[in-house]
Structure formats: C-alpha cells, structure tokens
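Colleague: Here are the chains, one letter per residue:
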Amino acid sequence: MDFLLQLLANGLVNGTFYALSALGLTLIFGLMRVVNFAHGELYMVGGLIGWALTELVGANFFLALLIVVIATGAAGYLIDRWLIERVRNQGAESGILLTIGISIFLTNTALLIVGTVPHKVLSPFANKPLFLGPVVLTQSRLSIVAICAVLMLAVHLLIKHTTLGRAMRATVQDAMAASLVGIRTERIHGFTFALGTALASAAGALLGSIYVTQPTIGGLVSLKAFVVVILGGLGSFAGAIIGGLVLGVAEALWGGYFATGYVDAIGFALVIVMLLVRPYGLFSVKSERA
Amino acid sequence: MSMLLELTGIEAAYGKLKALHGVSFSVAQAEIVALLGANGAGKSTTLRVISGLMKASAGNVVFNGKPIANLRPDLILKLGIAHCPEERHVWPEMTVEENLRLGGYTCSSKTELEQRLEKVVQPFARLRERYRQLAGTLSGGEQQMLAIARALMSSPRLLLLDEPSLGLAPRITQELLDIFRQLRDGGMTIVLVEQNVHNALSVASRAYVFETGRVVAEDTAKSLLGNPDLLRAYLGG
Ligand SMILES: Nc1ncnc2c1ncn2[C@@H]1O[C@H](COP(=O)(O)OP(=O)(O)OP(=O)(O)O)[C@@H](O)[C@H]1O
Ligand SMILES: [Mg+2]
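Protein sequence lines correspond, in order, to chains A and B.
Here the first sequence is numbered in our numbering, starting from 1 and rising by one per residue.
Here the second sequence is numbered in our numbering, starting from 1 and rising by one per residue.
Next up, chain A with everything else stripped away, as it sits in the complex (with noise of 0.2 Å):
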C-alpha cells in the first residue's frame, strides 16, 4: 500500500512537470491552430538560458526564470510577426514546416555555443526528503511543482478572465469579428505565440533544476509533449494538464511494477488506446476552439 502511494506521489509529481511542459504546445495551437514542432527547442533553449545565468552569471533562480520568460517572449512574438505571419491561413504544412525549420536551427545554434554536454539550472531548493506519511519527496521536486501550478493557475485566469486571453480567444474563433470590435488580430496572435514560447521555455528553466538540459533534447520534449496533448485534447487547456498526470502515474505505476526499461513506451502505448476509442483525446472540450 506505501509502495502504491509513493508511486502515485512520484507519478503525479512528475505528470504536473509533464503538462506544464505541455501547456505551451496546446496553448499555441487551440489559440493559434499552430503545431508548434519547435515545443522542445523552446524548452530547451529556456533551460540553457537558465542554466547559464544561474550557473555562470550567478544569478537568484527566480531572477533567472523571469528573464526566460521575457526574453522568450519577446522572441517569441517576434518569430511570430517576421516568420508565422507570412504563413498564416495558408494550411497546417506550412506552419509544421516553418517550426521544424525553426527547431533544426534553434538545436543547432545551441549546439554551436555550449556544445554536447548536459547542463543543470542551479535553484535554491534542496534535494532533502520531505516525508509526508508515508510517502518521500524531496524538497526541490514539490517546491517546483507548487511553482508549476502556480503558472499554470495564472495562465488560465489570462486566458479566460482578462482582456488579452478574451481578445485571443475572440481571434482564434473569428478573426474577422475580432477585427471588426477593433481587435488587432497580428498583435494578437503575437502574444498568443510569445505566450506558448515563454510558458515552454518556463518549463524549460524550472525542469531543468531537476533534470538535464542540452542541445539535443528538444525532439524528446516535444515527444512528451505530443503524447500529453493527444491522451487530453489537443489545445485543450484542461486536456494538458490531466493528459500530463495520467502519463505521469502510469509511467510510474508501470516502473513500479513492471519493467522500468520501457517506461518511454507507456506514453506510446497510452496514445494508441487513446486514439483507437477517443480520437479527439480525453477532453473535447473546446473551450479553447473554434
């Protein structure tokens, strides 16, 4: 019984990490109708600069993480206006290929300036044990879990109770009514984009405290993340977070029980049920959709 709610524990710790790490790619297209193929890369390049401001520069890690998210975002409301605008409304291949061009360059610029090695964000939070009941974690995993649901709080009051997230919901379901109440649809889609850019590479700098970071990891990110958003719902806001915690805890109950060596086939093996009985992912809802 321990067993079972340590494994739980560790399961949903690690599936709230799973769909933050999701939420940008789900974000981008339930609002912008975008697949980001460049998810990963954003991550990747919010955790090397992470590491690199608080590791080399010595910077305070929250210091650090807010930086991520302004400079992400700025970039990523900048790609959005000089590269995704030219390919809007033009069908989804184009936007797949413009992010996979995107993501070849980001993975290779990173490897040109810090090169293979893996890196680590330095936080403040310790890697002592924490023991509620019966059940161990350390302070660093929960501390970056309350941060976690903490940002995913905030985006959700964005998206669904001020201005901008009404604006870009309102953009997405018709942009030419958006317009037409004077909406400036491209700035719009901007933010919508510096958005899903800044919570990816968010997810990027606070995982990375935990986990690796390096050039390469982008492809296995975006993986993740793709599992995450079809076993919910892609673009669906509440789809991310409950698809990353039903992988999260099956990857762990499979681990525990069974044979840790294919864990990474969980995910898989769970997207293919899901697409057998639910396409359209768990929650259809489309309260982010047209």
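Simulated from the structure, these hints should not be mistaken for laboratory data.
Don't take each hint at face value.
[Unchecked claim] Straight-line alpha carbon distances no greater than 20 Å define the calculated SDA-like cross-link-like pairs of lysine to any residue that follow:
no.: 1; chain 1: B; residue 1: K78; chain 2: A; residue 2: R184
no.: 2; chain 1: A; residue 1: K160; chain 2: B; residue 2: E97
no.: 3; chain 1: B; residue 1: K55; chain 2: A; residue 2: N89
no.: 4; chain 1: A; residue 1: K160; chain 2: B; residue 2: R130
[Stated by the list, open to error] Residues from chain A shown here face chain B by an in silico Cβ test under 8 Å; the list is partial:
no.: 5; residue: S140
no.: 6; residue: R141
no.: 7; residue: A177
no.: 8; residue: I183
no.: 9; residue: R187
[Claimed, not checked] The calculated label-pair distances, taken between Cβ atoms and stated as ranges, are:
no.: 10; chain 1: B; residue 1: R72; chain 2: A; residue 2: N89; range: 30 to 36 Å
no.: 11; chain 1: A; residue 1: L66; chain 2: B; residue 2: A169; range: 44 to 50 Å
no.: 12; chain 1: A; residue 1: I70; chain 2: B; residue 2: S109; range: 26 to 32 Å
no.: 13; chain 1: A; residue 1: N89; chain 2: B; residue 2: G80; range: 41 to 47 Å
Every residue gets a Cβ at the ideal spot worked out from N, C-alpha and C, and that includes glycine.
Please arrange chain B with the ligands on chain A, whose structure you already have, making use of the hints.
Modeller: Relative to the frame of chain A, chain B with the ligands by itself:
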C-alpha cells in the same frame, strides 16, 4: 443637409476580380439608408470598404468630414463606425456576456463599459436571460440580436447592418425593424443592406440600388414603395 458618410468613386477587388466599379452614395445624420440589389451586386463589399476590412483601390470615403478610406479597422471603429457583418459572426465558444464585453474592446473605462452593457441589452430581453450561455448555442434570431448588440457596444454614430433579417422568422424581423427605428430616433445613423426590399423600405428614408458593383438608382423609400414597376425593373421582384 451635411452628410455624415460620403462615398465617392469607390473601387475594390478580390484579387483580380473587381467587385466595385466606382460606388458613390451618401448618408445624413440620424437617417436610415437601405442598400438594395441582387446577390453579388457588391453591397457587402461596400460595407467592408467602409469599415476597413477591405482596401479600396480607388475613391474616397469621408466620415464626419474626415477621409477614412483604407484606415485600419480599429481606427475606423474608434471614429464611430460599427459593422455588423453578414451571417452574424458571433464567437460561438464564448458566452453572450463575453461577446458583448468584447464589443466594447476599444472602451478603456470600466464604468463606461458597464453603462453601455446595461443600455445595449435593454431592447434585447432574451439576451439578458442568456448571459452565461455560449453564443453558438443561441437560436439564429438570438445570434443576430447578439451581433447587433455587440456592434452597439462600441457606441457608434454609424451602424452598418448586413442582412440582419436573413433566415429570421417574420415576427423577429419586425422586432428588429422596430429596434432600428428606435435607434434612429435616438440619433443613430444606419446603413441597412437587405434582400427583403419591403422590410428595408419600411424603415429607411432613402435607398440605393446596386447592380454588379455600381449604384444604378437612388430614390426615397416612399417613391420606391409607391412605384412597384420601378422596383421590379431594378430588383426583379
Ligand atoms: N471573399 C470573396 N472572395 C472573392 N470574391 C468575392 C468575395 N466576396 C465577394 N466576392 C465577389 O464580389 C462580388 C460582390 O459580392 P458582395 O458579397 O459584395 O455582394 P452582395 O451584394 O453582398 O451579395 P449578397 O446579397 O449575396 O450578399 C461578387 O461577384 C462576389 O462573387
Ligand atoms: Mg452580401
């Protein structure tokens, strides 16, 4: 009579296909003017040019003494022109309230926004009952009312209405026409595009008849209504 809106020689095209070949007309303050014409005559395109959704390749639009042709839609809206488009275009996955609040997107004062909300839903009791309902689940008539109320949330001086009665039951249509009269009596200027000539002429003071991207006739509603032969000649109906 000085004119609130004046179009002269407007030309516009979708790609290579020219849709307007020099459209000119004018609308006075607190007047309802109908734009009539067969399908594809260019009525909607004309409204799109006025509200800035489409660029004019030639010609002038003057609103309240200011040239506004080819300004950005948000700037034209801020000058006081609201465009309620064909087929409603409400945001289906947002609530009635969210649709309305976004209608006041350019309004920066919170108290002002609440006042507008209060005023705008006044004639549309059904909308108030459905504040929390998703717009996509409303009936056609309710969606049309929402689209009009949303346009009014910008507190416009000039309202462009594109086929507001399309697909609505006659009773609802009459309700809407009454609301247009009330708005005009309150000082609003309205350009009304309509397929149903008799409905349009029952509220408008004047009408322009469009044919393949041109204005081919202009007359008062009274004389058009009193001259069925003329109507038939222009509109085939
Ligand atoms: N989005 C578009 N792309 C290409 N051509 C268009 C488009 N919209 C309209 N047109 C063309 O422009 C011309 C004028 O169309 P417009 O929609 O302005 O007519 P309308 O008078 O509003 O007709 P209706 O009564 O059917 O709404 C038509 O020939 C139409 O085919
Ligand atoms: Mg039309």
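Colleague: Does each hint fit the structure? Answer for all of them.
Modeller: Outcome of the hint check:
1. K78/B <-> R184/A: holds, 13 Å
2. K160/A <-> E97/B: Distance of about 13 Å is within 20 Å: holds.
3. K55/B <-> N89/A: At roughly 19 Å apart (the allowed maximum being 20 Å), N89/A and K55/B satisfy the hint.
4. K160/A <-> R130/B: Holds. K160/A to R130/B sits at ~19 Å (cutoff 20 Å).
5. S140: The hint is violated - S140/A has no Cβ within 8 Å of chain B, the shortest such distance being about 39 Å.
6. R141: Interface hint status for R141/A: violated (36 Å vs cutoff 8 Å).
7. A177: holds, 4 Å
8. I183: holds, 6 Å
9. R187: violated, 10 Å
10. R72/B <-> N89/A: 30 to 36 Å: Since R72/B and N89/A have Cβ atoms about 19 Å apart, the given range 30 to 36 Å is violated.
11. L66/A <-> A169/B: 44 to 50 Å: With a Cβ separation near 57 Å, L66/A and A169/B fall outside 44 to 50 Å, so the hint is violated.
12. I70/A <-> S109/B: 26 to 32 Å: Roughly 29 Å apart at Cβ, these two residues keep to the hinted range, so it holds.
13. N89/A <-> G80/B: 41 to 47 Å: Taking Cβ atoms as reference, N89/A and G80/B lie about 30 Å apart, which means the hint is violated.
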